[in-house]
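K.L.:
The chain contents come next:
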Amino acid sequence: MTVVAVGVFVTTYLLIASEKVNRVAAALGGAGVMLALGIIDSEHAFFSHESGIDWNVIFLLLGTMIIVGTIQQTGLFEYLAIWSAKRARGRPFRIMATFVLITAIASTVLNNVTTVLLIAPVTVLVCERLRLRPVPFLIAEVMASNIGGIATLIGDPPNIIIAGRANLSFNDFLIHLAPLVALLMVGYLGLCRWLFRREFTYRPELLDEIMALKEREAIRDRRLLITSLVVLVLVIGAFVLSSALDIEPSVVALLGAGVLILVTKITAEEAVREVEWPTLVFFMALFVMVGGLIQVGVIEDLSRFVTSVTAGRLFLTTMPAFRS
Amino acid sequence: MRAEQLAEEFPTIGLDDSAVAAARFLANRCLPALIVVDHQLHPYAVLPASQVLRFMIPPYVQQDPALAGVVNEKAADQLGASLSGHTVRELLSGSLDELPVVEHDATAMEIAEVMGRMHASLVAVIRGDILLGAVSATRLLEEILPQ
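Line by line, the protein sequences give chains R and V. Per the numbering used here: the first sequence = residues 8 to 331. Per the numbering used here: the second sequence = residues 10 to 156.
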């Protein structure tokens, strides 16, 4: 059974990596095969804390996606990006630096993909006005989003999964990783300055084009913006206090999402429309497949093997995680 | 009433004709859409005026509609320039899921169903591969409303 389980997992992984099959379809297929072959039964897949779907992760993602989906409708990002481009007086590197910082800070609470999707259109607009190539700016933002996402428990789905499995709190992530991310960002901005040095041609004659942009027009619903920001601040406060109050982050996220729907004019249908359902289904299927590997003992054998090869040295033991 | 009785002769445009020509055609004759034909003059698509406008909008505004209001009036007035150098085929890219086409014997109900489902203001009427004409939403309304 072990060989079959590994075979199903590796085949599914290759299908996902090759992108020949939709990743959700591949993961669901793999999970279905594991269940059908009895590698893992439905009791373990759906109800076991050790080897089943981690519902804390799924509901934390669901709650944050609803909150993020509402905030992205406010136009806050567009406002901040255009405002900062104006303050930078159209100077390319200053614009890149502010966009990179906005992206990284936003990624600490928003999903990376969402953050980039929010900042990318306004980046292209600003670059078009200044006759600059948008690609270096977009690359810089993608990297910044990945760096920023490391800082908090909710910044990136892997953080949520690691926190769930290792029993790490929101503050554990914040205290240990946020300072590191701040340092990384300083170095990263220097790297951007050097990497894209040929792209920063400043043309003062184009400044008027940036100054003519009307950032206030991006705010579509002022009341929604204020309400969403208040709820977001409360949710982040609750995340910080979650371990002291003994509340799971998933409960905080769901409460925040519920409150946001209640206090804004957004309907529940509109709120759940912004949820990335394929991502949630993908994670559920992955949990089932990993649960299958746990059931047949592959994960235990693997961890024993890694520990024996590295002789229990922490740094070397974490290397496979870096490689992933 | 069948589609062939409702169909009116309607201007057509070729797939590789210029996008500017198509837009001028629509504007000068106040048409809601154009029928696009392939090299054998078979109906290929219906090009609504709204699709031409959509093509003019920069991709970043399509992705983030909030940016439409951010651009000043002078820049917004230059939208039309984005059509030059493009063809009708390019105007249609990404909008060809299904054609608003009915067979010659389709009833008013069938035509209305196609228009309603596809949000089309114009439906091409065919017999086999041959284009007979088109039925506009206003023509259909005129026909089906009680006198």
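Watch out, some of these pointers could steer you wrong.
Said to hold, decoys possible - Calculated lysine-lysine pairs in the DSS-like style (CA-CA distance at most 25 Å, straight line):
#1 R:K93 to R:K272
#2 V:K83 to R:K27
#3 R:K93 to V:K83
Unchecked claim - Computed Cβ-Cβ distance ranges for the label pairs, DEER-style:
#4 V:N81 to R:A173: 46 to 56 Å
#5 V:R33 to R:P211: 34 to 44 Å
#6 V:T147 to R:G265: 41 to 51 Å
#7 V:R126 to R:S55: 44 to 54 Å
Bear in mind the hints are in silico, worked out from the structure with no lab data behind them. Glycine residues also receive a C-beta, built at the ideal position from the N, C-alpha and C atoms.
K.L.:
For the pair we were handed, V:K83 and R:K27, check the Cα-Cα distance against 25 Å.
P.N.:
Violated. V:K83 to R:K27 sits at ~45 Å, over the 25 Å cutoff.
K.L.:
In this structure, is the beta-carbon distance linking V:N81 and R:A173 contained in 46 to 56 Å?
P.N.:
holds, 52 Å
K.L.:
Is the hinted range of 34 to 44 Å satisfied by the C-beta distance from V:R33 to R:P211?
P.N.:
holds, 38 Å
K.L.:
Tell me if the straight-line CA distance from R:K93 to R:K272 falls inside 25 Å.
P.N.:
Given pair R:K93, R:K272 is violated - Cα atoms ~32 Å apart, limit 25 Å.
K.L.:
CB of V:T147 to CB of R:G265, is that within 41 to 51 Å?
P.N.:
holds, 47 Å
K.L.:
Return holds or violated for the Cβ distance of V:R126 and R:S55 against the range 44 to 54 Å.
P.N.:
holds, 46 Å
K.L.:
Below or equal to 25 Å on CA atoms is what counts here, so check R:K93 against V:K83.
P.N.:
Distance of about 18 Å is within 25 Å: holds.
Hint compliance for this structure: hints 1 and 2 are not met, and every other hint is.
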